[in-house]
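Engineer: Spelled out from the first residue to the last, the chains are:
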Amino acid sequence: MSEPIIKFDKVVKRFGDLTVLDELDFQVEQGEKVTIIGPSGSGKSTVLRVLMTLEKINEGVVYIGGEPLWHESRNGKLHEASEAHLRKMRNQMGMVFQQFNLFPHMTVLRNLTEAPVRVLGMSKADVRQRGEELLDLVGLSDQKDKYPHQLSGGQQQRVGIARALAMRPRIMLFDEPTSALDPELVGEVLNVIRRLAKEHDLTMLLVTHEMHFAQQISDRVCFFDKGKIKEQGTPEELFKAPKEARTQEFLKAVLNPD
Amino acid sequence: MEWTSYLAPLLEGAWVTVQITIYSTILGAILAFACGIGKLSPNILIKSVSVAYIEIFRGTSLLVQLFWLYFALPLVGQAIGIDLRFPPVVVGVAALGLNIGSYGAEVVRGAIQSVAHEQYEAAKALNFTPRQTLWRISLPQAIPEMMPTFGNLAVQNLKDTALVSLISLSDLAFRAEHIRNYTQDSTTVYTLVLFMYFGMALVLMALMKWLERFVGRWRAAGR
Ligand SMILES: Nc1ncnc2c1ncn2[C@@H]1O[C@H](COP(=O)(O)OP(=O)(O)OP(=O)(O)O)[C@@H](O)[C@H]1O
Ligand SMILES: [Mg+2]
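Chains A and B, in that order, give the protein sequences. full-length UniProt numbering applies: residue 1 is where the first sequence begins, and numbers increase by one. full-length UniProt numbering applies: residue 1 is where the second sequence begins, and numbers increase by one.
Among the clues, some could well be false.
[Said to hold, decoys possible] So the derived list for chain A, only partly shown, Cβ under 10 Å to chain B, looks like this: (1) Ser2; (2) Thr53; (3) Leu173; (4) Phe239.
[To be verified] Chain A is nowhere near these chain B residues, computed Cβ spacing over 10 Å in every case: (5) Glu12; (6) Trp15; (7) Ile44; (8) Arg58; (9) Glu121.
[To be verified] Restraint ranges, calculated between C-beta atoms of paired labels, are given here: (10) A:Leu86 to B:Val51: 50 to 56 Å; (11) A:Leu78 to B:Gly77: 55 to 61 Å; (12) A:Asp219 to B:Ala116: 30 to 36 Å; (13) B:Phe195 to A:Lys124: 30 to 36 Å; (14) B:Val51 to A:Val61: 35 to 41 Å; (15) B:Ser61 to A:Leu86: 32 to 38 Å; (16) B:Leu45 to A:Leu18: 31 to 37 Å; (17) A:Leu18 to B:Ser114: 25 to 31 Å.
These aren't lab readings, by the way, just hints derived from the structure by calculation. Bear in mind that the values here come from a model prediction, so they are computed numbers and not experimental data. All residues carry an ideal CB built from backbone N, CA and C; glycine is no exception.
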């Protein structure tokens, strides 16, 4: 098998006394679609935030495409990464936030084009064309000149997805992309993600409570508990025949909420 | 003497007041942004200079600042062999601008800090540099937040200009005092002056309101 695109090697993340990632070992292959499920506080968001470089790690090493994310190797030893290194690594990831986090003072199209122009230095014409293609992909071509507050939550989240894609990341991180949405708006966002999941090369890491959806799009589902992977497997294995008592308990609770 | 004969000299004085207000408000705005942003800088030197400026000018009265710049600074200059005597208009604009800038800096700092934390995370995820994040993400959202307070500060500044008459700048207050001494017609003179200041304040408020709408026009889109 080739080098995994994401590799957590005994990663520890603490907030004060609270250990959120506990010697986590975790790998994702290139192009793989992985869903993370688990109880609140189990460290699901933290995994994504560490990858997006929003959260530092305390111990261990995270590799992206074989290269340390939070470290640089000099003279065969690992040192804390410089900002320049982080900037280089960050371009490989795109993140979709639970609360969308669109830029409210920019039009929809501008939300998509600003970073490719300013950060990647691409030509405005190219970026604009690509931006319009992406809006087409998420079904929002007719909204490009509106401001985020003029859109519904579902539309805003689709812009959020398009904005991340505009940077052409190799890895897309979704942190509960539909949790902030009214139930009737969840479907339109899931449809966009479902379409993305057909892209062969794109690696996707998704935290969600939509178990049915996870089952449809994932190659693998990981059940997190207390900062570790308690159990993982294909959706079939994990949802139909969970081995661990903790997994069974969790699935029972989320699938039959009463 | 007819009250209308007061108008010409008073209007001349009002024009001086307008100019001093404009220049010192612009100077104040520049200082407010420089030091409001500076106070949030990771660079310890920039941060300390900003904090020192803000605290010193907020912690002392405008009158003392004005007198210090006008009467004390030249003597300091003399002692160290530099000519630090400036014309009253320069001292007046500098004192007012420095004073209003120190209050404005706190407004700028507060508005920048009130931009949602998530906006900074989104900016980082898209790999904007800290500088790009400041100019393209946080300031455009912070500036509309500053505007109502900036409007108040500008009007405050207009009213404060009356103090520059004390360093013999012939602004509206100075002219009024002059005419009153000459005619003893306090009621008429000061009633006229009252309305003139009020008129200028109304124009300034309207101007700031327009500016507020202009910098925040994205917030009103489609509403
Ligand atoms: N900045 C922070 N400071 C202190 N504690 C934090 C911080 N961020 C997260 N935590 C804590 O770390 C733990 C794990 O957080 P994380 O967000 O990864 O959980 P999660 O699995 O995503 O949970 P949820 O399903 O509620 O989103 C939680 O207990 C949370 O309170
Ligand atoms: Mg979470």
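Engineer: Does each hint fit the structure? Answer for all of them.
Structural biologist: Verification of the supplied hints:
| no. | hint | result |
| --- | --- | --- |
| 1 | Ser2 | 26 Å, violated |
| 2 | Thr53 | 7 Å, holds |
| 3 | Leu173 | 9 Å, holds |
| 4 | Phe239 | 30 Å, violated |
| 5 | Glu12 | 43 Å, holds |
| 6 | Trp15 | 37 Å, holds |
| 7 | Ile44 | 18 Å, holds |
| 8 | Arg58 | 30 Å, holds |
| 9 | Glu121 | 5 Å, violated |
| 10 | A:Leu86 to B:Val51: 50 to 56 Å | 29 Å, violated |
| 11 | A:Leu78 to B:Gly77: 55 to 61 Å | 57 Å, holds |
| 12 | A:Asp219 to B:Ala116: 30 to 36 Å | 35 Å, holds |
| 13 | B:Phe195 to A:Lys124: 30 to 36 Å | 53 Å, violated |
| 14 | B:Val51 to A:Val61: 35 to 41 Å | 39 Å, holds |
| 15 | B:Ser61 to A:Leu86: 32 to 38 Å | 48 Å, violated |
| 16 | B:Leu45 to A:Leu18: 31 to 37 Å | 36 Å, holds |
| 17 | A:Leu18 to B:Ser114: 25 to 31 Å | 28 Å, holds |
Hints 1, 4, 9, 10, 13 and 15 from the earlier list are contradicted by this structure; the remaining hints agree with it.
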